[in-house]
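Asks: Listed here are the chains, written in short residue letters.
Protein chains: 4
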Amino acid sequence: MDSERTYTLTASCPDRVGIVSRVSSFFSTHSGWILETSLHAQPPDDGEGVGRYYMRVEIRADSLPFDLDELRRRFRPVAEELNMEWKFADSAQKKRLVILVSQQEHCLYDLLARWQAKELDVDIPCVISNHETFRGFVEWHGIPFHHVPVGANDKEAAYAEVRRLFEEARGDVMVLARYMQILPVDLCAAYPGRIINIHHSFLPSFVGARPYHQAWVKGVKLIGATCHYVTADLDQGPIIEQDVIRIDHTDTVADMVRYGKDIEKTVLARGLHYHLEDRVLVHGTKTIVFR
Amino acid sequence: MDSERTYTLTASCPDRVGIVSRVSSFFSTHSGWILETSLHAQPPDDGEGVGRYYMRVEIRADSLPFDLDELRRRFRPVAEELNMEWKFADSAQKKRLVILVSQQEHCLYDLLARWQAKELDVDIPCVISNHETFRGFVEWHGIPFHHVPVGANDKEAAYAEVRRLFEEARGDVMVLARYMQILPVDLCAAYPGRIINIHHSFLPSFVGARPYHQAWVKGVKLIGATCHYVTADLDQGPIIEQDVIRIDHTDTVADMVRYGKDIEKTVLARGLHYHLEDRVLVHGTKTIVFR
Amino acid sequence: MDSERTYTLTASCPDRVGIVSRVSSFFSTHSGWILETSLHAQPPDDGEGVGRYYMRVEIRADSLPFDLDELRRRFRPVAEELNMEWKFADSAQKKRLVILVSQQEHCLYDLLARWQAKELDVDIPCVISNHETFRGFVEWHGIPFHHVPVGANDKEAAYAEVRRLFEEARGDVMVLARYMQILPVDLCAAYPGRIINIHHSFLPSFVGARPYHQAWVKGVKLIGATCHYVTADLDQGPIIEQDVIRIDHTDTVADMVRYGKDIEKTVLARGLHYHLEDRVLVHGTKTIVFR
Amino acid sequence: MDSERTYTLTASCPDRVGIVSRVSSFFSTHSGWILETSLHAQPPDDGEGVGRYYMRVEIRADSLPFDLDELRRRFRPVAEELNMEWKFADSAQKKRLVILVSQQEHCLYDLLARWQAKELDVDIPCVISNHETFRGFVEWHGIPFHHVPVGANDKEAAYAEVRRLFEEARGDVMVLARYMQILPVDLCAAYPGRIINIHHSFLPSFVGARPYHQAWVKGVKLIGATCHYVTADLDQGPIIEQDVIRIDHTDTVADMVRYGKDIEKTVLARGLHYHLEDRVLVHGTKTIVFR
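Protein chains in written order, with our numbering: chain V, 439 to 729; chain X, 439 to 729; chain P, 439 to 729; chain F, 439 to 729.
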């Protein structure tokens, strides 16, 4: 939460002896002050073969005697030695968040409240919607608003436009803040691990349409929401965060929708926060979240 | 929790004006002291037609000038007028609980601890198991233990024996306290609303075998358990109670099993408690729980 | 959630035989269609003497053959017979909510999002603040904004102005949506059960200033928030709703503030919702909440 | 949960650059296979001065070319260089747990169920109680039971006997599983970080006697339990784990006691589990729990 500049390494590599030692001695050699280290050894799924090692290391930028480019240059041999997938994020470089929304307000209001309070420390270059509903509200915050209607017959053009706007905005992450349209497969594939959705059920229960109605029919005693990365596989992307709330027999579908909104916006905000702080690493169809 | 004798009416009837008035004036005419009244109007599923009205009324036995048989006799015309399904339970008549268990101890220990503390105010005429594992533990509590093995080829005989034991024990309710066998359809059908199971997942997610393993593969962030009435439809009976617990990427399947046990036993105990106090009314495939 | 007009009776009286019968037969005599009935017998605190009976009855307005004035006139003898405190609320008469806020945005944004979505079905005649911070945001929503600074030396005048504005707005309920000033005793006393505060701790833990800092020092593993009626006794008014969230040793005070906001706004919204639907009845220093 | 032998280092030292590097390179030099590493930099309380660094490292025993004594001998210079407090635990060396209990059964049954299932992988050399109540139950499990009555006038002798029994049993940790006596200051002081209590409230709310009654009087909407290390300061020791459960106005004190038991035993089991796996490090009056 404080403002000192940090570089954050997120990386994964095949598990072996000496990974932590190799990485941490790289930083200590350069007097790098590590603020936070998170490590996780993921065993092989079948119990055999080689597991995978995940790490997140947050370093005070001013403790290093060189800049980020030089840090990357010098780290490269270490990463290659360990056969690592890796990247450094710079806290001084605010991430650019593009929000997609339809006609429900709760997630949008919630995100903008957090942004206004600097809790969500991002730039929001634009909000895109298939309805005009929130133009005034968004523009009042000084954020450009783009209306991209999605008709039954011009979906392709509509999503081409969404993609153009995202590129133009140099977006880092796209958040579907109750965007009630299904993104086309090629758009999902273009931004792996960069599109975040909030689904209004406790997945894998109640995939598809009208999950609260499904939950009411089933008579469950808790309902929930799921924040996940969007993949071409609808409602099946890696889960980042989930939560539930208790209901009972007196609750109608409308009540469940109302309660559900509270869970949806909280779970989305929490998942997005983890993502923005580079705390989420994808392992196949699952996530590692270094809370 | 206190020991005064009560009669508890549970009833349902087609919704109309004047139900509460008719029932409550019946009791007040006889100076019946109502300790607790729970009411619920279930709207028609399709929004049309007639809804159904559910109620639970708990009366101090000693406030009425007659006994339970007479109470039933006098209430009958009221019930008929309202076209009611109804019954009275008598707190002086302890319910008889038969426990079925396999080789996992957590639910069994938990139930017997509650029984020993009189929190579970029932008679336990016997415990039935397909293994010998818990004979000593059960018998130490002074409860008869029956070993009924379930072989691949003699299931029919085994379940006939389970049924005979339940009848002989004059069981009111059968609890599957992690009984790892699937009851045959005819046994389920013989005791509707009287067999309670604890399923080790947050249904409807992860039906079938190895739910924790399924949850691990899926990468969910919460796991749960479900207490439900057993019907011929496996894992689909009316849900009485559910709860969840948070897990994360560091948890193995074994960890999830361990955490899950805590939820399982708590959810089973809570659901059973509601059932024993006649707080659960079945409405089709769902329950009304007057907590 | 639906829009049919209802009258809601909330009432309490000394416990005795026949209360429900008397009230429900009054309604059935006039063909009143009861949508929801909630009842609670509060036993005497010392286990002796007479308990108190609480009820909430929601009736379809159009099922009665007369209007609300006539309903009140006819119900009066029943209420007097039972020595009842009572009132009827009319769903067609929207409650008037006045919001007080300082410089934190989360509760204000959350309330206005709910109001904008008609989930919070009230009129908001004005927002009052001791800072100018949210003028633009509030006015954008078409709601008048009053800046009433509270200086060290003119508190009396400031609160006289707050009171004047509340009266002028014909406010029904005043919500302190993270209003960081202590209301004077006489203002609290003027509106019993009509001023709602959100306190940023799980009361009775951490009363007074800087509760998150207190929680951090103490090393608790969960933090919470409390929605309560304001009384002259600071942080001691009847609790309407509470909730908590898990933290751990990695969380700084700033993290706790951030997590806490999510709980604060949710708990406030939930408590306010109960209040607006006349589901909260005060019993001494405690509440009965007919969820 | 699996059975391979591990050594677990828990350590803390003044924060500085290079700690992780120094420790991890020590292990990698000797080909030590690290299964799990947890790290935490605790900033100085006043924001100035030097923080403290905490770590827990779990290594596969068979990956090292020497035994534990040699490991300790070789690690000592590293520890001294870093000015470290440190210890190694050996998973092959089961911890010895002594349970103290009075007349409530829920925590005792729960602990023995977990022990019986090997979830609690400890030796239980004896159970000590100030009542005879559970002798049969404990002895049936093959565990020695000692009745040490605590009279008003012979407390000193009683606690001398408790201490003697704990020493004789070579106890590693003493668990107060609802032991309703206050341990004397000198006994607490003799075993810092080795006596674990379960308190039946969400501390710091409701310290002292009858916390559920206090909670009922206050009208809180959630009740909880706290697992903490015992210090000479009653109910003030470092908190290991807490949890809560929702109650409402219908719940009597007796209901709260019943619900509370479920939280108490779960929170105690969870806290004890962390302790036994050397996941709890004490930092002043607080704990770091490497879950």
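Treat each hint with caution, since some may be false.
A few chain P residues facing chain X, derived, Cβ under 7 angstroms [as the list claims (entries may be wrong)]:
#  : residue
1  : V455
2  : G456
3  : V458
4  : S459
5  : S466
6  : H468
7  : W471
8  : T475
9  : L477
10 : Q480
11 : S529
Listing some non-contacts, in silico: residues in chain P with all C-beta distances to chain X over 10 angstroms [what the hints assert, rightly or not]:
#  : residue
12 : S501
13 : W524
14 : G574
What the hints contain is simulated information worked out from the structure, not anything from laboratory work.
Virtual Cβ for every residue (Gly too), placed ideally from N, Cα, C.
Asks: All the hints need checking, so say for each whether the structure fits it.
Replies: For each hint, the structure was consulted:
no., hint, result
1, V455, "holds, 6 angstroms"
2, G456, "holds, 4 angstroms"
3, V458, "holds, 4 angstroms"
4, S459, "holds, 4 angstroms"
5, S466, "holds, 4 angstroms"
6, H468, "violated, 9 angstroms"
7, W471, "holds, 6 angstroms"
8, T475, "holds, 5 angstroms"
9, L477, "holds, 5 angstroms"
10, Q480, "violated, 12 angstroms"
11, S529, "violated, 17 angstroms"
12, S501, "violated, 7 angstroms"
13, W524, "holds, 17 angstroms"
14, G574, "holds, 38 angstroms"
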